[in-house]
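K.L.:
From first to last, the protein sequence lines stand for chains A and B.
In terms of the working numbering, the first sequence is residues 1 to 263.
In terms of the working numbering, the second sequence is residues 1 to 268.
Read the hints as simulated data drawn from the structure, not as lab findings.
Honestly, I wouldn't trust all of these hints.
[Claimed, not checked] Calculated lysine to any residue pairs in the SDA-like style (CA-CA distance at most 20 Å, straight line): (1) B/K176 to B/G64; (2) B/K178 to B/A255; (3) B/K207 to A/M30; (4) B/K176 to A/E141; (5) B/K178 to A/I52; (6) B/K176 to B/T232; (7) B/K207 to A/R25; (8) B/K176 to A/K235; (9) B/K207 to A/E141; (10) B/K207 to A/E55; (11) B/K178 to B/L244; (12) A/K21 to B/A255; (13) B/K176 to A/L40; (14) B/K207 to A/L39; (15) B/K207 to A/R26; (16) A/K21 to A/I34; (17) A/K235 to A/G136; (18) B/K207 to A/K235; (19) B/K207 to B/T192; (20) B/K207 to A/N61; (21) B/K207 to A/K21; (22) B/K207 to A/L7; (23) B/K176 to B/P242; (24) B/K178 to B/W102; (25) B/K178 to A/G136; (26) B/K207 to A/G205; (27) B/K207 to A/T38; (28) B/K207 to A/A31.
[Said to hold, decoys possible] Per the computed footprint, the stretches of chain B lying under chain A, defined by three or more beta-carbons under 8 Å from a beta-carbon of chain A, are: (29) 57-63; (30) 119-133; (31) 161-172; (32) 208-216.
Just so you know, even glycine gets a beta-carbon here, dropped at the ideal spot from N, CA and C.
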Amino acid sequence: MIQRLLLNLRVVGSLGARSVKQTFRRPQLMAPIIVFPTLLLAIQTSGAGSAIGLEGFPQVNGFLDFMLAGAMVQSTLLAGNSGGIALAVDIEMGFTDRLLAAPISRFAMVLGRLAGTAVLGAATACWFLAIGLIFGVQIEEGVPGALLMILFVSLSAIAFGAIGAAVALRTGTASVVQGLFPLVFVILFLSSAFFPADLILEPAGSVAEYNPLSFVVDGIRDPTISVLTAEVFWKAVGAIVLILGIGIGFSALALRHRLRTGG
Amino acid sequence: MEARSLPVSGFSSREDREVIGALIRRSANEILRVPGAAIPGVLAPTIFFLGLSAVFGNLTQLPGFTTDTYQNFIIPVSLMQGAGFTGAATGVNMARDIEQGWFDRLLASPAPRPVLLAGLVLSASLRALVPAIVLLSVGFAIGVDWPGLDGLIVALLLVMGMGTSAALWGASIALKFKSQSAAPLMQAGMFTLILTTTAYAPLELLKGWLHTVAEYNPMTQVIEAARQGFVTGGVTWGETWPGLLCLAGLIALFAWWALRGMTRFADS
C-alpha cells in the first residue's frame, strides 16, 4: 500500500517536473503566464492609477498595491489554461495513451499536471511579489501575509488547472482548450481583479460581487492592503475549494468517459 | 502570367497587380474556409472593450477626462487592438507557410519581393475591417456615440493602416524566427505598442513612466486621431494628420524591416 503510494508520488513528481520544464521551454505557453500579465500590470497601474482618487476606492498606498492580486490571479488562470493546452497536446500526440498503458494510477497522471501548475502558480506569485516590492508595494501583513498570498495563488492555480484538465480530457483537442483563453478575460473582468466591485459599472458590478473569483482575489489582496479578516480568508478558501471540486469532479468524469470510449 | 527574368520594384504592372490580387484572394479564402480562425481576432478586442468599459467606466468622473462615457474613449483602442491582432495573425500564417515550405516556393517565383509582401500584408488591411465592424456594431448597441461619417471614415482608414502595419511587424518576426512559436512575440509587440499610449486615460492623467512613453509613442497620435470623432463628434485635419503621418512612418519602418528579412531569408 505504502509502496504503491510512493510510486504514485514519484509519478506525480516526475510528471509535474515535466510539466514545468515544458512550460519554460515553450514561449507560447510561458508568454501568457508571465509576459502578458506583467505587461498589463505595468500599463494598467500607470494608465488607470488616478483611480485611487475616486470616491469609495479603498485606502491604498498606490494603485499597484491594489492591482498586484489581480495580476497574480490572471496569471494563475492563464497557467491553468496553458496546463490544459499542454495536456490536450499530450493526448493528441499519444503521450497520454502511453501513460494509460503504464502500471500507474490514472489520477496520478492528472495530479502530475496539476502539481506542475501549482509550482508555476507559486513561481508567478513570487515573481509578482518581487515586482511589487521593487516598485514600492508594502505588504501590511508582512512575511506571513506574503506566504499566505503564495499559498492562495498556488492553490488557485491547482483549482483553475483542474478546470483546464477537465476540458482537455473531455475534448482531447488543444485548439478547444485554447478557445477558453478569451473566457478567462470575461471571468476576470466580471470580478474585483482589476477594480473594486462596488465601483464597477452595472450589471458587471453585481456579477463581480458574487463571482467566486472575487473572493479568491480579495483573499490574496487583503494581506497587502489591509488586515486579513476571518471572513475574507474563509470566503477565499471556500471559493478555491468550490472551483477545485468542480474541476476535479469534471476531470474524473472526463477521464472515465475517455477510458470507456477510447477518445 | 509570364515569368520575368529580374525582379523589379513598383506595383504598376499588370502582373504585379495579379500577384497581389491572388495573394489577397488566398487570404480571403482562409476566412471563408476556416471562419473559426478569425474568432480570436474578433472576440479578444470585443471582450476587452466590454470589460474595460465596465471596469474602468467610473474613471470619467476624474477631472481631466475629455468625455463622460468611457465607451467612447476606449472604442478606438479596441479598434486598433482588433487590427493589431488580425495583423499579427497574418504573421502567424506566414510563419506556418515558412514551416510548410510554401513560402520558399513563393520566393522562387519570378514575382518581386515587394509585390509578394504587398499581397500578404494588404490582405490584412481588409481583414482588419472584420473585427472593426463587429466592435462598432457592439459599441453602437451599448451606447457609443455616432462619430459622424467623417469620424467613421477616419477611424476605419486608421484601422486598415494599423492592420497593414501589424501584418508587416508580424511578417518581420516570422521571417526572423521562421516558426509559429514566435506568435506571442508578434501579439505582445502590438499589445505593447497600442496600450503604452493614452489608451486608458488622457495624457495628463497617466502616471510615471507611461506618461513619458505615451508622449513619444507614435501610436498615441493614431489613437487620438481615431478617437476624435467618438469623443467630440467631429473631425479636424489638425487632429488627423499627425495620426496618418505616424502610421505611415510605422508602415515604412516595418516594411523596410520585412523586406530586409525576405532578402536574408532568401539568401540563407
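K.L.:
Each hint needs a verdict: does it hold in this structure or not?
P.N.:
Hint check results:
1. The hinted pair formed by B/K176 and B/G64 fails the criterion: a straight-line CA distance of about 43 Å is larger than 20 Å.
2. With a CA separation close to 17 Å, the supplied pair B/K178 and B/A255 stays within the 20 Å bound.
3. Restraint check for B/K207 and A/M30: not satisfied, since their Cα atoms lie roughly 28 Å apart, outside the 20 Å limit.
4. Between the alpha carbons of B/K176 and A/E141 the distance comes to roughly 47 Å, so the proposed pair goes past 20 Å and is violated.
5. For the hint linking B/K178 to A/I52, the alpha-carbon distance of about 45 Å lies beyond 20 Å, and the restraint is violated.
6. Of the pairs offered as hints, the one joining B/K176 and B/T232 is violated, with about 42 Å between alpha carbons and a cut-off of 20 Å exceeded.
7. For the hint linking B/K207 to A/R25, the alpha-carbon distance of about 35 Å lies beyond 20 Å, and the restraint is violated.
8. Taking the CA atoms of B/K176 and A/K235, the gap is about 49 Å. The hint is violated against a cut of 20 Å.
9. A C-alpha spacing of about 27 Å is found between B/K207 and A/E141, which places the hinted pair above 20 Å, so the restraint is violated.
10. Simply put, B/K207 and A/E55 have alpha-carbon atoms about 19 Å apart, close enough for the 20 Å limit, and the pair holds.
11. Distance restraint check for B/K178 and B/L244: the Cα-Cα separation of roughly 31 Å exceeds the 20 Å cut-off, and the hinted pair is therefore not satisfied.
12. With a C-alpha separation of about 37 Å, the suggested pair A/K21 and B/A255 falls outside the 20 Å cut-off, and the hint is violated.
13. With a C-alpha separation of about 26 Å, the suggested pair B/K176 and A/L40 falls outside the 20 Å cut-off, and the hint is violated.
14. For the proposed pair B/K207 and A/L39, the alpha carbon gap of about 15 Å is at most 20 Å, so the pair holds.
15. Between the alpha carbons of B/K207 and A/R26 the distance comes to roughly 34 Å, so the proposed pair goes past 20 Å and is violated.
16. A threshold of 20 Å between alpha carbons decides the hint, and for A/K21 with A/I34 the separation of about 15 Å falls inside it, so the pair holds.
17. As the CA atoms of A/K235 and A/G136 are separated by approximately 28 Å, the hinted pair breaks the 20 Å bound.
18. With a C-alpha separation of about 34 Å, the suggested pairing of B/K207 with A/K235 is violated against the 20 Å cut-off.
19. The suggested pairing of B/K207 with B/T192 holds, with an alpha-carbon distance near 16 Å, which does not exceed 20 Å.
20. Taking the CA atoms of B/K207 and A/N61, the gap is about 14 Å. The hint holds against a cut of 20 Å.
21. About 37 Å separates the Cα atoms of B/K207 and A/K21, which puts this hinted pair outside 20 Å; it is violated.
22. Distance restraint check for B/K207 and A/L7: the Cα-Cα separation of roughly 54 Å exceeds the 20 Å cut-off, and the hinted pair is therefore not satisfied.
23. With a CA separation close to 31 Å, the supplied pair B/K176 and B/P242 exceeds the 20 Å bound.
24. For the suggested pair B/K178 and B/W102, the alpha carbons sit about 12 Å apart, so the restraint of at most 20 Å is met.
25. For the proposed pair B/K178 and A/G136, the alpha carbon gap of about 40 Å is over 20 Å, so the pair is violated.
26. Restraint check for B/K207 and A/G205: the C-alpha separation of about 26 Å exceeds 20 Å, so the hint is violated.
27. With a C-alpha separation of about 17 Å, the suggested pairing of B/K207 with A/T38 holds against the 20 Å cut-off.
28. Distance restraint check for B/K207 and A/A31: the Cα-Cα separation of roughly 26 Å exceeds the 20 Å cut-off, and the hinted pair is therefore not satisfied.
29. Proximity of the segment 57-63 of chain B to chain A, defined as three or more residues with a beta carbon under 8 Å from a beta carbon of that chain, is established by the 5 residues found.
30. Remark: the segment 119-133 of chain B is not confirmed as covered by chain A, as 0 of its residues place a Cβ nearer than 8 Å to a Cβ of that chain, below the required three.
31. Counting residues of the segment 161-172 of chain B whose beta carbon lies closer than 8 Å to any beta carbon of chain A gives 0, which falls below the threshold of three, so the coverage claim is violated.
32. Restraint check on the segment 208-216 of chain B versus chain A: 4 residues with Cβ-Cβ distances below 8 Å, three needed, restraint holds.
Figure legend: structure checked against the earlier numbered hints; hints not met, in rising order: 1, 3, 4, 5, 6, 7, 8, 9, 11, 12, 13, 15, 17, 18, 21, 22, 23, 25, 26, 28, 30, 31.
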